[in-house]
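Chemist: Chain by chain, the residues run as shown.
Protein chains: 2
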Amino acid sequence: MIRHTVVFRLKHPKGSAEEKAFLADADVLKTIPGVEKFEKLRQVSAKNGYAYGFSMEFADAAAYQGYNDHPEHVRFVKERWVPEVEEFLEIDYERL
Amino acid sequence: MIRHTVVFRLKHPKGSAEEKAFLADADVLKTIPGVEKFEKLRQVSAKNGYAYGFSMEFADAAAYQGYNDHPEHVRFVKERWVPEVEEFLEIDYERL
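Chains as they are written, first to last, in our numbering: chain X, 899 to 994; chain D, 899 to 994.
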């Protein structure tokens, strides 16, 4: 199991229509084969400057790679992530 | 539900006895009342410099506060976390 997480802050103002649209449209990611336990999260610690997070799990590295290469993922990154995300950090986990 | 996560890198060399001891002794955290779904994780993305992570969930903010204030948590932070952890980032999530 690989848990892929990304914590981020959008360029859009909090509560804006653009923010809502980005978060709603991210649901396309959970339709990509191999994606399990997809979660959209609000980041609530005051100890960092991020506002949201996505978390998903893959059975193995091949499934993760398939997601990364999938046209819907590539398109979301190019058309939505790059232009709309201000700052982000990817953190991936396996169980110890 | 609040998911409390911390991603970190130890001062100890990878594979050292000190590293193993730290990761084993962290099990004390899951004995603290209110802690659910405690996980010890290896951080595997090359896109950041962290090596491990802990994740746990709390039913609500009161349970999280109880954990933070619990003597076993305070002691672990003082006696193990502060002297042995090189760098860390806390990220807390609620479901959107």
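No lab work stands behind these hints: they were computed from the structure. The model shown is predicted, which means the values in this text are computed figures rather than measured ones. Treat each hint with caution, since some may be false.
A pair holds if it fits inside one copy or across any two, identical chains being indistinguishable in the list.
Below, simulated EDC-like cross-link-like pairs (lysine to aspartate or glutamate); rule was C-alpha separation at most 20 Å, straight line [what the hints assert, rightly or not]: (1) K938 <-> E916; (2) K912 <-> E970; (3) K928 <-> D958; (4) K945 <-> D958; (5) K912 <-> E955; (6) K918 <-> D958; (7) K912 <-> D958; (8) K935 <-> E970; (9) K912 <-> D967; (10) K928 <-> E988; (11) K909 <-> E982; (12) K912 <-> E992; (13) K945 <-> D967; (14) K912 <-> D990; (15) K909 <-> D923; (16) K918 <-> D967; (17) K976 <-> D958; (18) K945 <-> E955; (19) K928 <-> D967; (20) K945 <-> E992; (21) K918 <-> E992.
Chemist: Please go over all the hints and tell whether each is borne out by the structure.
Modeler: Hints and how they fare:
1. K938 <-> E916: For K938 and E916, the Cα distance is within 20 Å only inside one copy (16 Å; across copies 36 Å).
2. K912 <-> E970: neither (26 Å within a copy, 37 Å between copies)
3. K928 <-> D958: within (16 Å within a copy, 27 Å between copies)
4. K945 <-> D958: Answer is between: at 18 Å across copies they meet the 20 Å cutoff, but 32 Å inside does not.
5. K912 <-> E955: For K912 and E955, neither the intra-copy (28 Å) nor the inter-copy (25 Å) Cα distance is at most 20 Å.
6. K918 <-> D958: neither (31 Å within a copy, 25 Å between copies)
7. K912 <-> D958: neither (35 Å within a copy, 23 Å between copies)
8. K935 <-> E970: For K935 and E970, only the intra-copy Cα distance (18 Å) is at most 20 Å; the inter-copy one is 32 Å.
9. K912 <-> D967: neither (31 Å within a copy, 31 Å between copies)
10. K928 <-> E988: within (17 Å within a copy, 26 Å between copies)
11. K909 <-> E982: The answer is within: 6 Å in one copy meets 20 Å, while 36 Å across copies does not.
12. K912 <-> E992: Answer is between: at 16 Å across copies they meet the 20 Å cutoff, but 32 Å inside does not.
13. K945 <-> D967: Between copies only: 17 Å across, 33 Å inside.
14. K912 <-> D990: Intra 26 Å, inter 18 Å, cutoff 20 Å: inter-copy only.
15. K909 <-> D923: For K909 and D923, only the intra-copy Cα distance (16 Å) is at most 20 Å; the inter-copy one is 41 Å.
16. K918 <-> D967: neither (26 Å within a copy, 36 Å between copies)
17. K976 <-> D958: The answer is neither: 25 Å in one copy and 37 Å across copies each exceed 20 Å.
18. K945 <-> E955: For K945 and E955, only the inter-copy Cα distance (17 Å) is at most 20 Å; the intra-copy one is 25 Å.
19. K928 <-> D967: within (14 Å within a copy, 37 Å between copies)
20. K945 <-> E992: So K945 and E992 pass the 20 Å test across copies only (15 Å; inside, 24 Å).
21. K918 <-> E992: Between copies, since 17 Å is at most 20 Å while 31 Å is not.
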